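Respectively, the protein sequence lines represent chains A and B. Mapping of the first sequence onto the numbering used here: residues 1 to 272, in sequence order. Mapping of the second sequence onto the numbering used here: residues 1001 to 1083, in sequence order.
Some clues are possibly wrong.
[To be verified] Estimated spans, in silico, between C-beta atoms of each pair:
{"#": "1", "chain 1": "A", "residue 1": "Arg61", "chain 2": "B", "residue 2": "Pro1024", "range": "33 to 41 Å"}
{"#": "2", "chain 1": "B", "residue 1": "Ala1036", "chain 2": "A", "residue 2": "Pro164", "range": "33 to 41 Å"}
{"#": "3", "chain 1": "A", "residue 1": "Gly96", "chain 2": "B", "residue 2": "Arg1037", "range": "34 to 42 Å"}
{"#": "4", "chain 1": "B", "residue 1": "Phe1030", "chain 2": "A", "residue 2": "Pro102", "range": "48 to 56 Å"}
{"#": "5", "chain 1": "B", "residue 1": "Phe1030", "chain 2": "A", "residue 2": "Pro33", "range": "15 to 23 Å"}
{"#": "6", "chain 1": "A", "residue 1": "Ile21", "chain 2": "B", "residue 2": "Arg1049", "range": "17 to 25 Å"}
Honestly, the hints are just simulated from the structure, not real lab data. These numbers were taken from a predicted model, which means no experiment stands behind them. Ideal placement from N, C-alpha and C gives every residue a C-beta, glycine not left out.
Listed below, chain by chain, are the residues.
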Amino acid sequence: MTSLSLRASLREVSVPPQMEIVYAHPAALADVPMHYCPGCSHGAIHRMIAEVVDELAIRERTLCVAPVGCAVFAYKYFNFDSCEAAHGRAPAMATGLKRILPDRIIFTYQGDGDLASIGANEILHAALRGEPIGVIFVNNAVYGMTGGQMAPTTPVGMKTTSSPLGRDPLTQGRPIHLTEMLATISGVAYAVRRSMHSVAEMRKTKKAIRLAFQAQLQGLGLSLVEILAACPTNWRLTPVEALDFIRDRMASEYPVGDFKVDERLRNWSGEC
Amino acid sequence: MPQGAVLIRSDRCKGCGLCIQACPQQVLAFAETFNARGYRPVQLDERERSCTGCGVCAIVCPDVVFTVYRQPLRQPLRRAERR
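Make the full structure from the sequences, and use the hints.
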């Protein structure tokens, strides 16, 4: 059976009319194929953001600042306005956008190479200024786009293309815990770490993204959601093994949890 | 058990297999054939158990391949009706 006839046969699968739709493609996510590798967490995180934007009904006033890295084409995949920042400078660009357009919901979508390395200065000072923007920080411990080199977030002992014997803390330093660092700053309203290694954790990740957007709707300050994500291609693992790697290796270095939740956010369940 | 169904856009599937591992009913499997992009897409295999429409596959799928349907749960009878 060719792929064409397979597709035709699947389309013929009839759904009984008494069934209701439980899950469908979110309207805020463009109906185009994504370029990510099989098993990459970026696609699922894009989908969660789109679902949250749909649930809060803020699609017409949401702006995404796309990073440099694997998610560089994020602007292609969202059905709301996006712009592209220079490497690591997404928080600076989001600052400018938020000051010109204060009624918009502005978030940056950044990887660990983008945010924790070249953009560490920008995120630190955006946090010190308490800019009311959202930051989605996707941590997969490597530079994915360029071939899996060691990033500032690579755990000690992990083998990458630029640390073939495993990261040695004496010569290559120790991993950075950016979310814990930023949680100490008073301008930050929400700083949490979530993971993508199981269905339960993915549900919690979506809730955290929702709270980050609500923090911004309330104008509380900077909100940061760090997400431990899988990169099966550069970890040289299958997609299912990559989830075990997150659970066993990444989550021990980067514990999942809430590091700062503003009291006003904790008690708020209101409308936007 | 509620009855469910999934529609699979096999041209979008990249064959990562995360849904096969996550499915509580184990009703998803790789197809024998390849799609236009060269991956073996998932398909519904309901020979032993049937889909309940829980939507776990849609949560783990990175490529938004699934549309999930479920039969509405029957409302429990009120005490007066039961008599």
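Results for each hint:
As the Cβ distance of Arg61 of chain A to Pro1024 of chain B is approximately 38 Å, the hint placing it in 33 to 41 Å holds. A hinted range of 33 to 41 Å holds for the C-beta pair Ala1036 of chain B and Pro164 of chain A, which are about 37 Å apart. A C-beta distance of roughly 39 Å is found between Gly96 of chain A and Arg1037 of chain B, which places it inside the suggested range of 34 to 42 Å. Separation of Phe1030 of chain B from Pro102 of chain A is about 50 Å and conforms to the stated range, judged on CB atoms against 48 to 56 Å.
The beta-carbon spacing between Phe1030 of chain B and Pro33 of chain A, approximately 19 Å, falls within the hinted interval of 15 to 23 Å. At about 22 Å, the CB distance of Ile21 of chain A to Arg1049 of chain B agrees with the hint of 17 to 25 Å.
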